Amino acid sequence: MDELDRKLVNSLQDGLPVCDRPFDALADQTGVTVTEVLTRIQKLLDEKLLSRFGPMYNAEQLGGAVTLCAMQVAGEQFDAVAEMVNAHPEVAHNYEREHPLNMWFVVAAEHPEQLARVIRGIEQETACRVYDMPKQQEFYIGLKLAV
Amino acid sequence: MVLNETDRQLIAAIQDGLPLASQPYAVIADQLGITQQAVITRLQALQDSGLIKRMGVVVRHRALGYDANAMVVWDVPEADIERIGKLLADETCVTLCYQRPRRLPDWPYNLFCMIHGRARDSVLRCIERIIDRHGLHDVDHDVLFSTRGFKQCGARYASPADQAGAARG
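Protein chains in written order, with our numbering: chain A, 1 to 147; chain B, 1001 to 1169.
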């Protein structure tokens, strides 16, 4: 990653305007052409440094339902349970963390009933209790990750 | 806001990402058979309503060398949650900050924030600085580092079958 990549990633995290030529300002700021900006973003996507470029949705307002779930999984069963959990297409992230509650994942469904169904399904398949902790309030993050 | 048919088609058309073109909204407009101005106007309305937070990027922290990823959780009295939530969200090393329900007796924490760093040391130092600066020594907290990530992908909110324009509103 060079200086230009870093500048682009930092600017893009703050968002791009919705207008006729949204990359022009970015090109001006960084002193390169729009074509170069686009080529670099494609390269960052190809190298998987960025996973997506586009709209960040507020899922709840789209009628969707999202929650953060935690489970306590015995060490020797961890990989098998992770496989069962990840097999659900509604599971978007899954991390092993250092805590008695050691498996943490996000479930995103199209509506609350589907969300409840997925969680019940995971509990039945894995015989583990799912601690379901939906967001009650989001605190606005001003400055993003500087790279 | 109430989504109309065009909004649903727009959401389906861009949910996997914007086209990388100098005029990406013109490309979308061509796909949907409407004008670029109509695309821009509706997307701005969707942004104003908060349904789309912004047009941006999802950064893959690990790929960028941010290998230490901690979920830091706090047990905050309800009366203080607004104040402390805002303090945490303003910290540069905090990338997400949410209030969530406790699950007593196993889980006493109600304020969650994510801190990414290049190494565990720097994440722990960041947490210490936050505690010192804001006098949070009496607030119970725990630090849950991630040891493995299995499924790091952005959530999708409409299935491919919805591309025709039936994205759920």
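Rather than coming from a laboratory, the hints here were simulated on the basis of the structure.
Bear in mind that the values here come from a model prediction, so they are computed numbers and not experimental data.
Where hints are given, some of them may not hold.
[Claimed, not checked] Facing chain A, a subset of chain B residues (Cβ under 8 angstroms, in silico): (1) GLY1017; (2) GLN1023; (3) LEU1051; (4) LYS1053; (5) VAL1058; (6) TYR1098; (7) ARG1100; (8) SER1122; (9) CYS1126; (10) ILE1130; (11) HIS1134.
[What the hints assert, rightly or not] Restraint-style ranges between C-beta atoms, simulated for each label pair: (12) A:THR30 to B:ARG1103: 38 to 48 angstroms; (13) B:LEU1020 to A:ASP2: 25 to 35 angstroms; (14) A:LEU45 to B:GLY1135: 41 to 51 angstroms; (15) B:ASP1138 to A:VAL32: 42 to 52 angstroms; (16) A:THR39 to B:PRO1101: 42 to 52 angstroms; (17) A:ASP79 to B:ALA1038: 15 to 25 angstroms; (18) B:LEU1020 to A:HIS111: 24 to 34 angstroms; (19) A:THR39 to B:ILE1131: 29 to 39 angstroms; (20) B:GLN1044 to A:ASN10: 16 to 26 angstroms; (21) B:ARG1054 to A:THR35: 20 to 30 angstroms; (22) B:HIS1134 to A:ARG21: 25 to 35 angstroms; (23) A:THR39 to B:GLU1082: 42 to 52 angstroms.
[Stated by the list, open to error] Calculated cross-link-like contacts (lysine to aspartate or glutamate; reagent style EDC-like; alpha-carbon spacing at most 20 angstroms): (24) B:LYS1053 to B:ASP1090; (25) A:LYS135 to B:ASP1142; (26) A:LYS135 to A:GLU110; (27) A:LYS48 to B:ASP1016; (28) A:LYS43 to A:GLU110; (29) A:LYS135 to B:GLU1078; (30) B:LYS1053 to A:GLU110.
Glycine included, C-beta positions come from ideal geometry on N, C-alpha and C.
Tested hints:
1. With a cut of 8 angstroms, the hint placing GLY1017 of chain B at the interface with chain A holds, because the nearest CB-to-CB distance is about 4 angstroms.
2. Hint status for GLN1023 of chain B relative to chain A: holds, with the closest Cβ pair at about 6 angstroms, below 8 angstroms.
3. With a least beta-carbon distance of about 4 angstroms to chain A, the hint placing LEU1051 of chain B at the interface is held under the 8 angstroms criterion.
4. A distance limit of 8 angstroms between C-beta atoms decides the matter here; for LYS1053 of chain B the minimum to chain A is near 4 angstroms, and the interface restraint holds.
5. Checking VAL1058 of chain B against chain A by beta carbon gives a least distance of about 4 angstroms; that is within 8 angstroms, so the hint holds.
6. Residue-level restraint check for TYR1098 of chain B holds (minimum Cβ-Cβ distance to chain A is 5 angstroms; threshold 8 angstroms).
7. Given the 8 angstroms rule on beta carbons, the hint for ARG1100 of chain B holds: about 4 angstroms separates it from the nearest Cβ of chain A.
8. Nearest Cβ of chain A to the Cβ of SER1122 of chain B: about 13 angstroms, over the 8 angstroms cut. The hint is violated.
9. For CYS1126 of chain B, the shortest C-beta to C-beta distance to chain A is roughly 13 angstroms, which exceeds 8 angstroms, and the interface hint is violated.
10. The closest approach between the C-beta of ILE1130 of chain B and any C-beta of chain A is roughly 14 angstroms, which is over the 8 angstroms cut-off, so the hint fails.
11. Look at HIS1134 of chain B: its Cβ only gets to about 14 angstroms from chain A, farther than 8 angstroms, so that hint breaks.
12. For the pair THR30 of chain A and ARG1103 of chain B, the supplied restraint of 38 to 48 angstroms holds, since their beta-carbon distance comes to about 46 angstroms.
13. Here the CB-CB span from LEU1020 of chain B to ASP2 of chain A is close to 19 angstroms, at odds with the stated 25 to 35 angstroms.
14. Checked against the hint of 41 to 51 angstroms, the C-beta distance between LEU45 of chain A and GLY1135 of chain B comes to roughly 43 angstroms, which is consistent with it.
15. Take ASP1138 of chain B and VAL32 of chain A: their Cβ atoms lie about 51 angstroms apart, and the range 42 to 52 angstroms holds.
16. Between THR39 of chain A and PRO1101 of chain B the Cβ separation comes to about 46 angstroms, which falls inside the hinted range of 42 to 52 angstroms.
17. Take ASP79 of chain A and ALA1038 of chain B: their Cβ atoms lie about 49 angstroms apart, and the range 15 to 25 angstroms is violated.
18. Separation of LEU1020 of chain B from HIS111 of chain A is about 32 angstroms and conforms to the stated range, judged on CB atoms against 24 to 34 angstroms.
19. Checked against the hint of 29 to 39 angstroms, the pair THR39 of chain A and ILE1131 of chain B fails, with Cβ atoms roughly 44 angstroms apart.
20. Against the hinted window of 16 to 26 angstroms, the Cβ-Cβ separation of GLN1044 of chain B and ASN10 of chain A comes to about 24 angstroms, which satisfies the hint.
21. As the Cβ distance of ARG1054 of chain B to THR35 of chain A is approximately 24 angstroms, the hint placing it in 20 to 30 angstroms holds.
22. Checking the proposed 25 to 35 angstroms range against HIS1134 of chain B and ARG21 of chain A shows it is violated: the Cβ atoms sit about 43 angstroms from each other.
23. The hinted range of 42 to 52 angstroms is satisfied by THR39 of chain A and GLU1082 of chain B, whose Cβ atoms lie roughly 44 angstroms apart.
24. A threshold of 20 angstroms between alpha carbons decides the hint, and for LYS1053 of chain B with ASP1090 of chain B the separation of about 18 angstroms falls inside it, so the pair holds.
25. Proposed proximity of LYS135 of chain A and ASP1142 of chain B is supported: the alpha carbons are some 18 angstroms apart, at most 20 angstroms.
26. A C-alpha spacing of about 16 angstroms is found between LYS135 of chain A and GLU110 of chain A, which places the hinted pair at or below 20 angstroms, so the restraint holds.
27. Distance hint between LYS48 of chain A and ASP1016 of chain B is fulfilled; the C-alpha atoms sit about 15 angstroms from each other, no more than 20 angstroms.
28. With a C-alpha separation of about 32 angstroms, the suggested pairing of LYS43 of chain A with GLU110 of chain A is violated against the 20 angstroms cut-off.
29. For the given pair, LYS135 of chain A sits about 15 angstroms from GLU1078 of chain B by alpha-carbon distance, which is consistent with the 20 angstroms threshold.
30. Taking the CA atoms of LYS1053 of chain B and GLU110 of chain A, the gap is about 18 angstroms. The hint holds against a cut of 20 angstroms.
The structure fails to meet hints 8, 9, 10, 11, 13, 17, 19, 22, 28 from the earlier list, while all remaining hints are met.
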